[in-house]
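Visitor: Okay, so the sequence shown: first residue is -19 according to this note's numbering, each after it adds one.
Simulated from the structure, these hints should not be mistaken for lab results. All of these numbers come straight from a predicted model, not from anything done at the bench. By construction, the Cβ of each residue, glycine as well, lies at the ideal position given by its N, Cα and C atoms. Check each hint, because a few of them may be wrong.
[Claimed, not checked] Have a look at the derived ranges for each label pair, beta carbon to beta carbon:
no. : residue 1 : residue 2 : range
1   : T166      : L251      : 37 to 47 Å
2   : I316      : G55       : 34 to 44 Å
3   : R216      : F59       : 39 to 49 Å
4   : H178      : A354      : 16 to 26 Å
5   : L181      : A361      : 36 to 46 Å
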Amino acid sequence: MSTVRPAAEPSQALLLVPVVLVVLALGGIAAASPVGTVVLVGLAVLVVAACLPLWILPSVALWLFALLPVGYLVGVPNFVGRFYSPAVVVLLIWLVRLSFTRGRPSFFRSLRWLVPVFAVLLGLSYIGLSPSRSVNWLIVVAIAVALPAALAPAIDRRTSTTLLQAWFVLGIGLSLVAVIESLLQTNPLSPYYSFDQHWALYRVSTTLGHPLMNGTFFSVTACLAAFTMTRVGAPRGTAFICFAACALAAGLTGSRSGVYALVAGLAVGLLVTLVSGRTSIANKLLGIVLGVVALVVLPALPTIAGRAGSAEGAASSLYRDYVVRLAGRLFLERPIVGYGPGNSAIATAQSGAVLPLENSVLGTLVSGGVIGTAALLVLVAVVVVRVVRTGRADGIAAIAAYVVAGAAFPLWESNPAALIAVGLVVIATRTSADAPVPGTVDDAVDAVDAVDNGIVRPRRGARAQVAARAAVAGVR
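Please construct the entire structure, taking both the sequences and the accompanying hints into account.
Guide: This is the structure:
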């Protein structure tokens, strides 16, 4: 085995900072500018993202998602804010570039399930209430969830580790913002948001927008950090700080659903950890301790306990019961084909209901009916397999928290761009034991596996195969 050390590279975090600042600045100008300027700046963002290193783009997409709340800003078209947000566009560029480099075999193998699933969903779209909305909803779902899951085998270790580190830094930073905002009881972005602080207790909104979106982000991030600590070689110190900070921030949102999502995610992650043979007893005990602490401490926070005991909180609970009955009534009207993917809000409005259907899980059942929901469950199954097949608990815990949080408001039904969090979880939890390392012998391993599986042919005949096998033999 060679003992030659690779040349020193600049810190990934230092490279990420100026890139994120540039893209954020361009995105901010786009959000505040007239339509003509938006187009020009949008093209500039595309050019910048297309020229950036491939491994950094998912991290840029994450920071844009969290720091540029286009879905809640006044004056931003719904088409941009809730569908093709800057974060979704950056992730799309990454997917295209990855597909044309090392991701082509993974993409073609995934067509076996991508084509049937989306063929069914497209068919339902054209017999639904709003075909155009459904088609755009499906495009965003493909970009944010389906394609990251399809290309997961091609994601290299540098991309996933950089994204995970960037996620923890972002989680810690936004948690500090939430604490400061809670102490000052004000947010300088409030005049630009499309909602008001009309609650009995102050609820933090940070740069993520609505408190429910904050609860979702902080619960997902806390679960991701909690079970990263149970892995050997993980940045446990940073992960612990991120978990503690995000758990506190989730409580400051005043979102009971965010706290429930965090506890549910920890429970699912703990279950995976306990049944996994790859996790030590000490790490299993760590998972149990974190779950118990979260279950005991978070519901006792003033923002959560105060809202639960208020008249406003009681009214919110009654409204949740109403949502269940409304969803049941709408589902029974079109139980098989539904109203078209992403159309639950339109169906609710046309039914004469005064209040919206604020439950994405039930909204999906209403929109897709039995057929559409079954097709989407295939996609969910693929995502779950991607994140749990190697025994990692952080990814499945984060996704479980996301789904539970979505049961409290129309998260992915009305704001499909927010599904990018799920795709980024898939990318960030790409297991280091599986992930290829660009420019190393792992590329040779992948080449041999591809040849053995009949996926690709060596370009130079037997010489390429023999060379790859020789490289692999040196490290196996």
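Visitor: Of all the hints given earlier, name the ones this structure violates by number, lowest first.
Guide: 4
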